[in-house]
Amino acid sequence: MEIQIAHYLVVAGILFAVGLTGVVVRRNAIVILMCLELMLNAANLALVAFSRVHRDMQGQVFVFFAITVAAAEAAVMLAIIIAVYRQRQTVNVDEMDLMQG
Amino acid sequence: MLEANTVATLAYIILFAPFAAAALITVATLRSKALSAFLSVGSVILGGVLSIILLADQISRGAGAEPVVHQFTWALSRGMAFHIGVQVDFISVLMSTVVGVVGSCIFVYALGYMHGDEGWSRFFAKFAFFAFSMLGITFSTNFLQIFIFWELVGVSSYLLIGYFYQKPSAAEAGKKAFMTNRIGDFGMTIGILLLFFAVRDVFGEIDSLSFETLKGIFTNDGAREQLFAAMGWKAALGAFLIFVGAMGKSAQFPLHVWLPDAMEGPTPVSALMHAATMVAAGVYMIVRTYWLFAWAHDALVAVAYIGGFTALLAASIAIVQNDIKKILAYSTLSQLGYMVMACGLVGAGAGMFHLATHAFFKALLFLGAGSVIHACHSNDIWDMGGLGKKMKQTTWTFWAGTLALAGIFPLAGFWSKDEILAVSHHATALYIVGVGVAFMTAFYMGRACFTVFHGTYRGHGHPHESPRVMWIPLAVLAVVSIFGGFVGAPSSLNPFGEHGLQSFLLVAYLKDGVVHWPVGHGHVEAGLHLDVATVGTLMALGGLLLAWLFYGKGVLSAERVKQRLKPLHTLLVNKYYIDDFYLWLVRRVQQGFAIAANWLEQKIIIGVLVNGIAAGTKDAAARLRKTASGQIHSYVTIVLAGVTILVFWFVIFMVSE
Amino acid sequence: MQPTTLIILAPALTVLALFFLPANRPWLIRWFAVAGAFATVVLSVTMWLNYDKAAGGWQFAEYVPWVEDLGIAWNVGADGISIAMLLLTSFVIFAGALVSFRIQDRVKEFYILLLALVTGVFGVFANRDIFFFYFSYELAVIPMYLLIGVWGSTNKEYATMKLTLYLTAGAVVALVGLLLMYFGARDFYLQNPSMLAGFLSEHPEFAGSKAWSFNLVQVIWAAQHGAFSETFQFWVFPLILVGFAAIAPMWPLHTWSPGGHAAAPSAASMLHAGVLMKLGSYGIIRIGLTCLPEGAVQILPWVAALSMMNIIYGGMVAMAQRDLKFIIGYSSSSHMGYVLLGVASMNVIGLNGAVFLMFAHGIMTALAFSLIGWFYDQTHTRELQDLGGLIKQIPFVGTAFAIMAFASAGLPGFANFASELMVLFGSWQATLPVQVGAVTIPGNPWFYLYAILAVWGIVITATYLLRAVRWAFFGPLNPAWAGRVKDADGFLWKLPFVFLIVALVAFGCYPKMLVDVIGTGVEPIVDALTKARATLLAGR
Amino acid sequence: MEPILAAAGAGHAVAFYAMAALAVASAVLMMTQRNPVACVLWLVVCFVGLAGLFVTLEAYFLAVIQVLVYAGAIMVLFLFVIMLLNLRPEDLKAVALPRIPLVGVVAALLLLAAVVTVISASRPYFGMSVAGILAEVGPTKDSVRDIGLPLFRDWLLPFEATSILLLAAIVGAVALTKRKV
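Chains as they are written, first to last, in our numbering: chain A, 1 to 101; chain B, 1 to 657; chain C, 1 to 540; chain D, 1 to 181.
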């Protein structure tokens, strides 16, 4: 059976959904962050697949940028988590409700 | 004969002299009592003198002379102009003479009566203002003007009744008078609107408020038929509504309740306004606009019966009153009912005649009562008695007034009452009412006189005759009351010609003096009607005799009659419970509506709607606030749900493409 | 420079000057403010006397383009209706400035706000530019918020919030309508260049004007030449109506007004009830009736029905009040019902009466609030049962109050009587058919009912006003006030009251001198309405 | 360089399924693990699987980057942070689902369904054989050059901007974690 672009996209979709579910379900801020990373990567996979469809490298360049941004984002996010942890002694997002209206 | 311009100028002077006096007193001379009194009294005496000159001029012009009309535009809208001015003809001059002469007497009397009152200047300013308003009605050229001064009379009445403003009963009485008049004016306004636009609808943009214009239409058979065909039943309604205004001012049932209460004002006020002039305004207006009533038959019938009913009602209440001013007040009501009844029976001339004579002797009676009250410091006739010896001038003048009112030959009341009974002769029911009222009038007046002036003094202190400034006006009025009626006598000596005053009055309101009425033909010869006169005089004498038997000689006991007719007595003392009914209407029904409206406003409109919207916004905000839990999960989930919906919308859109 | 510009500038410049006056010299500030107010009286009286009644239309006009890309200009002028309103405003502010001499707290700020408010009001009444019209309207609302919020009493926070919310919400609704008209007119001129040329040839004073313009004259011209379809008008007129009716105030949008009156300091109450409320009815007449006649004639019969709620219901509610300011407040809402009825009658006399009543009621109610303020400042109560017999203690104020009550109750001799009478005549005339060419517009029989109810409303008014006079001023003097309440003594204190009474009486005794001027402004509007009715009728 | 899989035919399919299964399975495990350290490790496995998928698309450079940067660097950072925080056992127990998880899960599944629908609706477009495309493109000679040329020619400015972004991130991270400023 021949593998189609669609297969890759479905896999990307599944990974994205899994990451999303994790973001919604998990309470540990670090794990949520990891799930976010997974979602980003799912998008990356789709981008690479599209780049193949278009026979163009631009998609891959974009993935490159995405990875860079993800790295920066992870660093900042982790720093925030550390700062929050210092304040509240927890990484449980349920207890981070300072923004409550 | 005077020039038309001179006549108009004189009328303006008569009209505005009291106004100028009132304004001057208010603005400048409040502090100077003498000056205030001089201005006020002088302006009215001037009016009286000029009125007599105008009256002489009218006589020289002869019956049926064209009126002198002068007016200027008061307000102007496209296609509609409102005018104000003076209309001088026999009726208006007669009325202004009555106002001027009676007014002069009363103003002079007030100089004595109000002596030492702290509000002296204020009183004379208001008094002069009243004279102005009344004269404004008198000289009105159109419905709008008469309505304007109509209202002004209402105000001055309010101010003067409530003169002793610190007395709650006086303040209430003023309010009551004003409001009752307002209800009458409510009808009058609608009547004027109805008539004004109905005439315009048929005849286009003419000045259809003007009396002369309307008179021209109503006395022209073709035009009138055309108008009535267009108006249908509204013609009678319009006339009746205008009459409702007269009901307010002339205190006809059911709007009569204010007049007895109006006695709260100082006695000169009662004499001038609530006996002689203001209450006559309603009758005057009916006469003034008689071309309308004469042809609106259904309205005329209502006028006649309302007048007759009021006469009977008031006379019966007067019998049981103990307050001397209240007796006279109910007597006034009753006499007004007479006049209105006469107008309703196509006897506008008779009504007007009675108005004039009644003004004199009723003013006389009130001033006499004032003199008595001044002496005894009480209003109750049972606190008086035997005053005949102590107050000679007051007594003989009061008796003159009483006999005139009772209609004893040859006093003034006899002549005018005779006219009224003559016109009612062909309407049997009302004729009986008229005769009965004549009897009752004589009886209650006799009762008052015998109780007050004869027997022994039952009050406190030592009553003595009033000062000259008070009794001289009484004497003047008494003389007019005794001899004034001869203007109605058919005699070649009469200044009004062989047929007396009536010949002037009849042609003044109708071209040929003949109108047709469903109950009978309304053409009444001016002069003396022997059959009616005999019956009327006998009734009056009978009434006086009965009063003498009860209260003079004392052979009959009023107490026993009272005991025997207990329920009737209670009913009369309580004035048929009409006042109580109105009180209930105002306190419970009207206030109930007001409270209901306020409840609706405060609880529903403001409470539910306005504050509800505000509270709803706040509540929604409070709820929405909770969704901002500060938790990442909820935010993510909401975003996710939104994205999902968008994606689905997109998918469905795409697939359907 | 034309007096229209000057009358807007006068209070504005006074505000500017007041900024630089030292705050610790209250008398200097007071006299300066009064001088500014008096200047407006002089200007408005000048305009009224010099208005050419034969020519009619816009006079004292001035046109200076400002933002040409949007079509905004300094475009002022006055027609008969404006003249009456300018006269009213200047009278009220003059009296208001005098009455406010009693204010002791933050005198400078008070007068600055007061005159800023009036600048806005003059800006509305004298403007022909929709942009500045709206701008001025908002300018008038904001100072009122502060005046009540800072110097007010009796639940002032609630009252001032409610007032401001109502007025701004109304203004926003009206703004939508105004913008729709602006764009509608723009499209009309863009699509028909010949029309623009036609307009400019008829009105050479607007040379250089483009298709898009906030010029009211240009918008009206477009409206007269069919720029707005019947459907457009039918939907836009309610926006204008509701937007301005909120300030008029039409039932059931009236509830801000009595509370606002009660909370405001005297001068603010005077301006609020006397002038601010007139902005609403003025807006309805000036914008709604003139630009959207075909919409107006369809909606106005309903306005007449609502006006009955104002008159009867407002009067009934007033009857149940115990607080004098609330009585006058609800009576204002009742009187404005007559204005709406006059407008809805769609004939010359009705509209003349409505505009004249706006004038008369403005002065009367200003008088009322200034008088109530006079003794409220001393007794700190307005409850009827706490007063009583006051006329003995303060004869001048008491007499003036009684005169005010008579005026309000529609007694002859006061402008209120003449105007209410004209409204009644107008209302009754609305029941008659109107012949326009071959078309006969049938009369509206509902107006019989409205007229009768309106007459009854006068009876109701008299009832509660006389009761107020009776309980507050007549009867035995409440010993609590004996010797403790001061009367208005001296020329300075009496002046504002006398001034307003004289105005009421002068125009009441001889209404022709103002009605003639008003008529020149009203007649074209009525003609447009009549034409619209005929068009709609012929179209069906 | 010989195409590794293009000619492999069935081999390509096997590689795809293997890598996809690895990625999805480890992702699910990552999501469900209680201990964050285990999560990190499973995520590393997932990234390796993704790198494998990149390889099957002949995006070799990205595959390498994926392993080096992601699996290597970023995940190590995660591990460090976890160690640094020194979480107590009770912190790790808090796995009870939050209040509105079902909505989220359902939404995620619906989203997936939508994605799949879109993909299947675009079958002519996405149904292209990967092998066919790769064959058409021809053998990849120099993957780094392929990506480097557009990167430094067309996207030079954004590329340089990322350096500033990274710098900002570093500064930010340091500033955030500093105890006292």
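Honestly, the hints are just simulated from the structure, not real lab data. Worth double-checking, as some hints may not be accurate.
[Stated by the list, open to error] Derived DMTMM-like pairs: lysine to aspartate or glutamate, alpha-carbon spacing no greater than 20 Å straight-line:
#1 D:178 <-> A:73
#2 C:392 <-> C:523
#3 B:603 <-> C:323
#4 B:234 <-> B:221
#5 C:392 <-> B:205
#6 C:53 <-> C:489
#7 C:392 <-> B:221
#8 C:512 <-> B:205
#9 B:626 <-> A:73
#10 B:167 <-> C:523
#11 B:618 <-> C:377
#12 B:626 <-> A:2
#13 C:512 <-> B:117
#14 B:626 <-> A:97
#15 C:392 <-> B:172
[Claimed, not checked] Simulated coverage check for chain D against chain B, where a stretch passes if three residues somewhere in it have a Cβ under 8 Å from a Cβ of chain B:
#16 49 to 58
#17 117 to 126
Glycine included, each C-beta is placed from N, C-alpha and C at the ideal position.
Okay, the hints, checked on the actual structure:
Between residue 178 (chain D) and residue 73 (chain A) the CA atoms are separated by roughly 18 Å; this keeps the pair inside 20 Å, and the hint holds. Between residue 392 (chain C) and residue 523 (chain C), the direct Cα distance comes to roughly 48 Å. Violation of the 20 Å bound is thereby established for this hinted pair. Restraint check for residue 603 (chain B) and residue 323 (chain C): the C-alpha separation of about 18 Å stays at or below 20 Å, so the hint holds. At most 20 Å may separate the alpha-carbon atoms for a hinted pair to count; residue 234 (chain B) and residue 221 (chain B) meet this at roughly 18 Å.
This hinted pair does not check out: residue 392 (chain C) and residue 205 (chain B) have alpha carbons roughly 51 Å apart, beyond 20 Å. Between the alpha carbons of residue 53 (chain C) and residue 489 (chain C) the distance comes to roughly 41 Å, so the proposed pair goes past 20 Å and is violated. A threshold of 20 Å between alpha carbons decides the hint, and for residue 392 (chain C) with residue 221 (chain B) the separation of about 59 Å lies outside it, so the pair is violated. Under the criterion of a C-alpha separation no larger than 20 Å, the hint pairing residue 512 (chain C) with residue 205 (chain B) is consistent with the structure, at around 19 Å.
Of the pairs offered as hints, the one joining residue 626 (chain B) and residue 73 (chain A) is violated, with about 30 Å between alpha carbons and a cut-off of 20 Å exceeded. A C-alpha spacing of about 51 Å is found between residue 167 (chain B) and residue 523 (chain C), which places the hinted pair above 20 Å, so the restraint is violated. Restraint check for residue 618 (chain B) and residue 377 (chain C): the C-alpha separation of about 35 Å exceeds 20 Å, so the hint is violated. Our distance criterion of 20 Å between C-alpha atoms is broken by residue 626 (chain B) and residue 2 (chain A), whose separation comes to about 52 Å.
Among the hinted pairs, residue 512 (chain C) with residue 117 (chain B) is inconsistent with the structure: their alpha-carbon atoms are about 41 Å apart, more than 20 Å. Simply put, residue 626 (chain B) and residue 97 (chain A) have alpha-carbon atoms about 12 Å apart, close enough for the 20 Å limit, and the pair holds. A threshold of 20 Å between alpha carbons decides the hint, and for residue 392 (chain C) with residue 172 (chain B) the separation of about 17 Å falls inside it, so the pair holds. For the stretch 49 to 58 of chain D, the proposed coverage by chain B is not satisfied: 0 residues have a C-beta within less than 8 Å of a C-beta in that chain, short of the threshold of three.
Check on the stretch 117 to 126 of chain D: 3 of its residues sit with their Cβ under 8 Å from a Cβ of chain B, so the three-residue criterion for coverage holds.
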